[in-house]
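Visitor: Start from the sequences, fold in the hints, and give me the full structure.
One line per chain: the protein sequences are A and B, in this order.
Quick note on numbering: my numbering labels position 28 of the first sequence as 8, and the sequence is numbered without any gaps.
To get my numbering, take the position in the second sequence, counting from 1, and add 219.
Take these hints with a grain of salt, some might be off.
[Said to hold, decoys possible] Taking lysine to aspartate or glutamate and the DMTMM-like style, the derived pairs with C-alpha atoms no more than 25 Å apart in a straight line are:
1) A:K30 <-> B:E234
2) B:K348 <-> B:D396
3) B:K293 <-> B:E222
4) A:K30 <-> B:D290
5) A:K30 <-> B:E270
[To be verified] Counterexamples of contact, computed for chain A against chain B with all Cβ distances above 10 Å:
6) P(-4)
7) L10
8) A34
9) M56
10) S69
11) Y71
12) L130
13) P131
14) T133
15) K185
16) A186
17) A191
[Said to hold, decoys possible] Calculated from the model, a selection of chain B residues having no Cβ within reach of chain A, i.e. all distances over 10 Å:
18) S229
19) P232
20) E234
21) S274
22) D280
23) E334
24) D347
25) A375
26) S384
27) P388
28) D423
29) H429
30) T444
The set of hints was computed from the structure by calculation and includes no laboratory data.
Using N, Cα and C, we set each Cβ at its ideal position, and we do this for glycine too.
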Amino acid sequence: MFNYTFQWRQAFQKLPLLLDGALVTLQIALLSMAMGIALAVLLAVARNSKSRWATGPATVWVEVARNTPALFQIYMAHFGLGSFGIHLSPYVALLAGITFNNAGYLAETFRGALRAIPGTQMRAARSLGMPPVQAFRLVVMPQMFRIAFLPTTNQMVWAILMTSLGVTVGMNTDLAGITQDINVRSFRTFEIFALAAVIYYLIAKAVTLGARLMASRLFRY
Amino acid sequence: MIEIMDVHKSFGPLEVLKGINLTVEKGEVVSVIGGSGSGKSTLLTCINGLEPINSGRILVDGVEVHAKSTDLNKLRRKIGIVFQQFNAFPHLTVLENVTLAPRKVLRMSKAEAEEIAVTQLTHVGLADKLAVYPGRLSGGQQQRMSIARALAMSPAYMLFDEVTSALDPQLVGEVLDTLKLLADDGMTMICVTHEMTFARDVSDRVAFFHKGILAEIAPPDQFFTAPQHPEAQAFLSNVR
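Guide: So, in structure tokens, the structure goes:
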């Protein structure tokens, strides 16, 4: 029943290819986080606003992003938009899908963080003559990022792992795509996926550690 | 000059200011006293436009605070306000707290803003705390920093909203001393306070608020020795 012969050497020979893929994975994760954070700040502010025109669309975004499978969100970006004649490459579709997902989750994280900051901070900033946007950017937002830092790190790890869903829309240059490619050609399924999993693990760990290091430099108060 | 003319202000069904009239001359120090909920703190936040008013007018140097055409951000540069709860910016050092608005609002250079900040912080006795984050300061120190932060904008008027109420008793003195220095320098000040000794010693006039009405206003020696309004008499006999 168990007569599989491990051939690790074959897997390790593909390591340079896998590492190339890892770079693409990391790139998509970082880009999707950068854009996701920017969008999430806007969504969080919109959700807290009094205007229905702001809260409505923001709420729909957050609800869909958080309560439907990430896989479907990526599918929609590739095949869904494709139905309307908008053809995104696998790379762009994957990036858009994960960004959409990141923004939705982070918006709620940021909204919670905003609530934790006393309203008097904004009042103090405004009373020094700062216009609303400047007061938010200089006084409220830095405090928000500190409160939301750990959950944001979690989302970053999640974003890295979500990139593997790209294979379903034909993504073949990231770590998952390359792994799958090698797999169908070599049939060293266990070895190649195990090796790729280790690389995912290491990227995730490195990012978490990097984030902690950044936090200790940024948040000294 | 701050002119407050027949100002009414409601929070929902609750009317907290019921037609206030008060003029504060340049260089004058007015202490505002009265029971909690008498509307005295609300008046301060109306003066710098943080709160809208329902009717009446407030003029600061002739500029109507609640007129639509008024640039509030600009007007607030000359009205400093210090709150009961300090409101230090926790993510910035003491020096950064004080230089933030001069740099970002008045567009001063970093060096210029820091020079002013150091002067102000030295004035309030915090010259040795420049690189410290507010979380490491005592309440009294945080409050003095907030005063320096407001003063760094070189305001023409200072509003103090019960600035010693959240402090431990032994820290009250250091903050009041700072206010006294400021009054001696000729700053125009409106101080909402529960410190009767301060009101008596430092202010030119004492305004007594009762249930949204300015019930009595008089020079301190007159007010504290012979209050006219029955509520003022009752209030003074309670706080003594």
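Visitor: Please go over all the hints and tell whether each is borne out by the structure.
Guide: Evaluation of the provided hints:
1. A:K30 <-> B:E234: This hinted pair holds, its Cα atoms lying about 24 Å apart.
2. B:K348 <-> B:D396: holds (19 Å)
3. B:K293 <-> B:E222: Answer holds: K293 of chain B to E222 of chain B is near 18 Å, not above 25 Å.
4. A:K30 <-> B:D290: holds (23 Å)
5. A:K30 <-> B:E270: Since the Cα atoms of K30 of chain A and E270 of chain B sit roughly 17 Å apart, the hinted pair holds (cutoff 25 Å).
6. P(-4): Fine: 44 Å to the nearest Cβ keeps P(-4) of chain A off the interface.
7. L10: Non-interface label stands for L10 of chain A: nearest chain B Cβ at 24 Å, farther than 10 Å.
8. A34: Consistent with the label, A34 of chain A stays out of reach of chain B, its closest Cβ about 21 Å off (over 10 Å).
9. M56: Holds, since 38 Å exceeds 10 Å.
10. S69: Its Cβ never comes within 10 Å of chain B, the nearest being 40 Å, so this holds.
11. Y71: The claim holds: Y71 of chain A sits with its nearest Cβ about 37 Å from chain B, beyond 10 Å.
12. L130: holds (17 Å)
13. P131: Holds: least Cβ distance 18 Å, greater than 10 Å.
14. T133: At about 19 Å from chain B, T133 of chain A clears the 10 Å cut-off, so the statement holds.
15. K185: holds (28 Å)
16. A186: The assertion about A186 of chain A holds, with a minimum of 27 Å to chain B.
17. A191: Since the minimum Cβ distance to chain B is about 18 Å, A191 of chain A lies beyond 10 Å and the statement holds.
18. S229: holds (19 Å)
19. P232: At roughly 20 Å from the nearest Cβ of chain A, P232 of chain B sits farther out than 10 Å, so the non-interface label holds.
20. E234: holds (22 Å)
21. S274: With a cut-off of 10 Å, S274 of chain B remains clear of chain A, as the shortest Cβ separation is near 23 Å.
22. D280: holds (15 Å)
23. E334: For E334 of chain B, whose nearest Cβ neighbour in chain A is about 18 Å away, the distance exceeds 10 Å, so it holds.
24. D347: It holds; D347 of chain B is separated from chain A by about 18 Å at its closest Cβ, greater than 10 Å.
25. A375: holds (13 Å)
26. S384: Holds, because the least Cβ-Cβ distance between S384 of chain B and chain A comes to about 14 Å, which exceeds 10 Å.
27. P388: Given that every Cβ of chain A is farther than 10 Å from that of P388 of chain B, nearest at about 23 Å, it holds.
28. D423: Holds: least Cβ distance 24 Å, greater than 10 Å.
29. H429: holds (26 Å)
30. T444: At roughly 36 Å from the nearest Cβ of chain A, T444 of chain B sits farther out than 10 Å, so the non-interface label holds.
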